[in-house]
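The primary structure of each chain is shown beneath.
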Amino acid sequence: MGLYRALLRLYPRSFREEYGDEMCAVFARELKATNGAARLGLMMRALVDTVANASRVHADITGQDLRYAVRSLRRSPGFTFTAVVVAALGIGATTATFSVADHVLLRPLSFPESERLVKLWQTQAARGYSRLEPSPPNYLDWKRLATSFSGVEAYAGTAATLLGGGEPERITGQRLTGGAFTLLGRPAAIGRTLIESDIASDQNPIVISDRLWRARFAADLNVLGQTMALDDASSVIVGVMPPEFIFPDRETDYWRPFRFNPQTGDEDRNNNYLAVIARLKPTVTFEQARSEMQVIAAQLLQQYPKELAENSASVFRWRDEVRAQSRMLLTALVAASLCVLLIACTNLANLLMSRALARRTEFAVRAAVGASVDRLVRQMLTDSLLLAGAGGVLGVLLAVVSAPLLVRMVPSSLPIAAVPPIDLRMLLGAALVTVITGVAFGVLPALRVCRKTDGSALKEGARGGTGRGTERLRSALVVAEIVASVVLLVSAGLLIQALLRVQAIDPGFKAADVLTLRTALPTPKYELTVTREQFYQRVLNEVHALPGVTKAAYISFLPMTMRGGIWPILTTAADPDSPGGFVAPDPRDQRSASLRFVTPGFFDAIGTPLLQGRDLAAGDTLDTQRVAVVSRSFAREHFPGQDPIGRQFAVAFAVRTIVGVVGEIRVRGLERESEPQVYMSAAQQFNGQLGFYAPKDLVIRSSVLSTTLIPAVRSIINRTDAQQPITSIQTLEEVVALETAPRVVQLRVLGAFAAAAFLLAAIGIHGLLAFTVSARSREIGVRIALGAKSRDILKIVVGRSALLAGLGVTIGALVAYAAARSMQSLLAGVEPENGPVFAAAVGVSLLMALAGSVLPAWRAVRVDPLTATRAD
Amino acid sequence: MSPAGIRPESLLPLPPAVFHILMAVADEDRHGYAIIQEVLSRTSGEVRLSAGTLYRSIQRMLDDDLIAEVLERPAPELDDERRRYYAITRFGKAVAGAEASRLTELVKLARASGFVPRKV
Chain A
1270 MGLYRALLRL YPRSFREEYG DEMCAVFARE LKATNGAARL GLMMRALVDT
1320 VANASRVHAD ITGQDLRYAV RSLRRSPGFT FTAVVVAALG IGATTATFSV
1370 ADHVLLRPLS FPESERLVKL WQTQAARGYS RLEPSPPNYL DWKRLATSFS
1420 GVEAYAGTAA TLLGGGEPER ITGQRLTGGA FTLLGRPAAI GRTLIESDIA
1470 SDQNPIVISD RLWRARFAAD LNVLGQTMAL DDASSVIVGV MPPEFIFPDR
1520 ETDYWRPFRF NPQTGDEDRN NNYLAVIARL KPTVTFEQAR SEMQVIAAQL
1570 LQQYPKELAE NSASVFRWRD EVRAQSRMLL TALVAASLCV LLIACTNLAN
1620 LLMSRALARR TEFAVRAAVG ASVDRLVRQM LTDSLLLAGA GGVLGVLLAV
1670 VSAPLLVRMV PSSLPIAAVP PIDLRMLLGA ALVTVITGVA FGVLPALRVC
1720 RKTDGSALKE GARGGTGRGT ERLRSALVVA EIVASVVLLV SAGLLIQALL
1770 RVQAIDPGFK AADVLTLRTA LPTPKYELTV TREQFYQRVL NEVHALPGVT
1820 KAAYISFLPM TMRGGIWPIL TTAADPDSPG GFVAPDPRDQ RSASLRFVTP
1870 GFFDAIGTPL LQGRDLAAGD TLDTQRVAVV SRSFAREHFP GQDPIGRQFA
1920 VAFAVRTIVG VVGEIRVRGL ERESEPQVYM SAAQQFNGQL GFYAPKDLVI
1970 RSSVLSTTLI PAVRSIINRT DAQQPITSIQ TLEEVVALET APRVVQLRVL
2020 GAFAAAAFLL AAIGIHGLLA FTVSARSREI GVRIALGAKS RDILKIVVGR
2070 SALLAGLGVT IGALVAYAAA RSMQSLLAGV EPENGPVFAA AVGVSLLMAL
2120 AGSVLPAWRA VRVDPLTATR AD
Chain B
13 MSPAGIRPES LLPLPPAVFH ILMAVADEDR HGYAIIQEVL SRTSGEVRLS
63 AGTLYRSIQR MLDDDLIAEV LERPAPELDD ERRRYYAITR FGKAVAGAEA
113 SRLTELVKLA RASGFVPRKV
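Chains as they are written, first to last, in my numbering: chain A, 1270 to 2141; chain B, 13 to 132.
Treat each hint with caution, since some may be false.
What the hints assert, rightly or not - To give a feel for the contact side, a few chain A residues facing chain B, derived at Cβ under 7 Å: (1) SER1283; (2) GLU1286; (3) TYR1288; (4) GLU1291; (5) MET1292; (6) ARG1298; (7) LEU1316; (8) THR1319; (9) VAL1326; (10) PHE1350.
Stated by the list, open to error - Calculated from the model, a selection of chain A residues having no Cβ within reach of chain B, i.e. all distances over 12 Å: (11) ASN1322; (12) ALA1323; (13) ARG1325.
Simulated from the structure, these hints should not be mistaken for laboratory data.
Just so it is clear, CB atoms sit at the ideal spot from N, CA and C, and this is done for glycine as well.
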């Protein structure tokens, strides 16, 4: 019998209290009528019966509560709308940021046992490089010596012009060593991946991406064996990867075998350009692998002390290849969204509490006619869960719309999709947040109100039913809202300051009125310098002839689009005996510069001043002295206090004579220090050498709106070489804007959070005061009747608001300072203790509190003592 | 019509347990266990209502005003104070009638389609 009674606990309490005894009586009679094995059967039946019926009773009650909730929420659309929007903002913000953070930081990569995938890097601590691309000889030695890995493979980016079947298109791909696909462990969707024997194959096998397969081969299932003209060579398609295969980045459209070539410097230990991935053996830990690699690096250093001076090796988990700044940014975002959620929840709690207090009489009546307290609590929980649920649905929509924007803030070098997927994981996360919101902030008001449904509510009167405890709790919630909104306002303010500071940085050129585009000339067609020169000459001559064009020139890479291209510089030292007058530098003091080839007139075109000497000229060819123009910092670094013109230095296999000095360009971007710059004449590039540096970016300065030139320039290039694709058409201003784009997005997102928080806090403070005024209208009426002036009444309401606001902004400013310190790396040198920003945030918050109290104060002053005291 | 203006047809079709309970209390007020016994004997042991099904149905039927709790109790020596007696309401009778008509119509249709019930 005791067992049956225990089973009955599965029913809702109200049902159990109503029918429990009778059900026990029925069961007792049935029990009496049976014995032995039949009793066991009866117990089993009772168990099944109870579980089935109890769940249906629960469903019935929930259905009733839901219908009741919908009816009563419909009756107060204003409340319902506000509550749903508030919940949606909180849930949406949290879901979006969590799904992005999960996507970028937590979720395993989409390769089998991806937790064992690591990346290997060279390091050069003395020069501050913690991740330096390994060179081919080092990679081969690592592969040979390391025992921690089941595979060590290398890859490197490449690009080619895809010809045939429509417009020529510049596509990017990867060259991979033979075991790379096996190491990744993902099969092809059609055909096969690359294997070891492909490396030596003269067939040029190639694997293409799903995107390329659809775009260029119309998703043809018979694509295998077809040839593809990449640059001037043709490759045979052996496989198509599935759409979700991303390696190593989203832009990669093809994969071909990697053949190391001694002629292009692949035997040079300082030719650092590979990316190396490895798979840990199941029995080896990450730390063991790391120490083994350090031992191997030390061995190699002994073997090649000159080439590998100061070099070591390091291992990083692939999943962790997210820049510290991105990590920090995401953490900040999640914190911001939690602030918004906290505010939303407090608002929701406050709203529900006001509503609950307003419905006290209704609950008291229901309690009086027999509704149990738990039934009333359940009803209120249904209300809050329904509101939170509606908010959750709206919030998920909000998250789906905003997640792609958020993810743009995080420049990712990881092989992950561009947009976080909307999947069960994300939806479950959102549901969890919704339920927590609904329950946590529905239970509180429900318990507070129902504790008093003992009939005292029926006698409601005296102070309109706001107990001190409730009042204090609500005030605390409002203070929490102000704190959170101050924190977000300060953070957004500091980010604005940081953005302005970065935007004010001089890039070293004049970005306005300049059109840029890229024509990457393919090899072997343009292998010879003279062939390239013909192309440049013809294009530039015709572009110069266009009306409105003031200057045009080519450069290897536009500033800020390619940040690398750094070479060691050898300058003359006091060693006349050394051949050519140059000495090998001390490896620990390697000075370097960023190297570019340009056509004459580049500095005019981009708007960088020529400070001394002359520009590179048409007469600087392979037949004349090798010359260079250097930046001011180069001259200062290598020839301090001397006239740099006519001085010589060696870079990239040749001695160059300085003929001019120009201003600094921020090659590495606005926020990073750049190496000194060296510019050499495109016509003085040796055949077959430094092909990567062959000028490809065209810079056109014009007196007309630069984008209007695009059709004409396009047709000029088309006439010059019909097979030459044009890519990356953009204005120079856009290139610079891209530099600050992540900051602009950061600011927009945090700004949106701050605005939402601000709005919510305003609603919260207004709601609290409005409720206080209406609840205390009787007291106010009495005070007025006793001769209180408007000023005194105002003092009560505004004073209260000022107290809450004062408390909120004080705590808020302290928390904001701590938050700002922790996000210092995002602030581009703006100090966290930035007076104006704090003053503005505090001022705005105080104003908001004041504005929130205007309407309630107005109402309080207008309370009619007669009506108020007659109220009940 | 019920006091709330609900049409009997709007509750159709009735769950079988509800229809059985209505038939069991049609001629006499009964308590829960008696209803189980009555249903059992009316159906010659075919339908045995479980306590859970019975009281869940009773709760819904009270809510829908199909039955009502009887406040008059039998003589104390016959009464167990835990027991509550239930009587059919006018609305309950109307609903049961409507259900019976619905079933009759259904049987007619079945006959027309050549489904002749087995003789019992």
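- Task: Beyond 12 Å from every chain B Cβ: check whether that's true for ASN1322 (chain A).
- Result: Non-interface label fails for ASN1322 (chain A): nearest chain B Cβ at 3 Å, not farther than 12 Å.
- Message: For the restraint on THR1319 (chain A), tell me whether the closest CB of chain B is nearer than 7 Å.
- Response: At 5 Å from the nearest chain B Cβ, THR1319 (chain A) passes the 7 Å test, so the hint holds.
- Task: Tell me if TYR1288 (chain A) is really an interface residue toward chain B, meaning its C-beta lies closer than 7 Å to one of theirs.
- Result: 4 Å, holds
- Message: A closest beta-carbon separation below 7 Å is what the hint needs, so does VAL1326 (chain A) meet it against chain B?
- Response: At about 5 Å, which falls below the 7 Å cut-off, the nearest Cβ of chain B leaves the hint on VAL1326 (chain A) intact, so it holds.
- Report holds or violated for the interface hint on GLU1286 (chain A), using the least CB-CB distance to chain B and a cut-off of 7 Å. Since the shortest Cβ distance to chain B is 12 Å, the answer is violated.
- Under 7 Å, Cβ to Cβ, is where GLU1291 (chain A) needs to be relative to chain B, so tell me if that hint holds or is violated. Hint holds; GLU1291 (chain A) Cβ to chain B Cβ min 5 Å, cut 7 Å.
- Query: Would you say ALA1323 (chain A) is clear of chain B, with no C-beta pair closer than or equal to 12 Å?
  - Reply: 7 Å, violated
- Taking the shortest Cβ-to-Cβ distance between ARG1325 (chain A) and chain B, state whether it exceeds 12 Å. Given that some Cβ of chain B is not farther than 12 Å from that of ARG1325 (chain A), nearest at about 6 Å, it is violated.
- Query: Should the hint that ARG1298 (chain A) touches chain B count as held when the rule is a Cβ pair under 7 Å?
  - Reply: At 6 Å from the nearest chain B Cβ, ARG1298 (chain A) passes the 7 Å test, so the hint holds.
- Item | LEU1316 (chain A) as an interface hint toward chain B, with CB separation required under 7 Å | 10 Å, violated
- Query: Can the hint on MET1292 (chain A) be confirmed by a CB-to-CB distance to chain B that is less than 7 Å?
  - Reply: Holds: closest Cβ of chain B sits about 4 Å from MET1292 (chain A), inside 7 Å.
- Item | Interface hint compliance - SER1283 (chain A) to chain B, C-beta minimum distance less than 7 Å | Hint violated; SER1283 (chain A) Cβ to chain B Cβ min 10 Å, cut 7 Å.
In terms of the numbered hints stated before, the structure departs from hints 1, 2, 7, 10, 11, 12 and 13, listed from lowest to highest.
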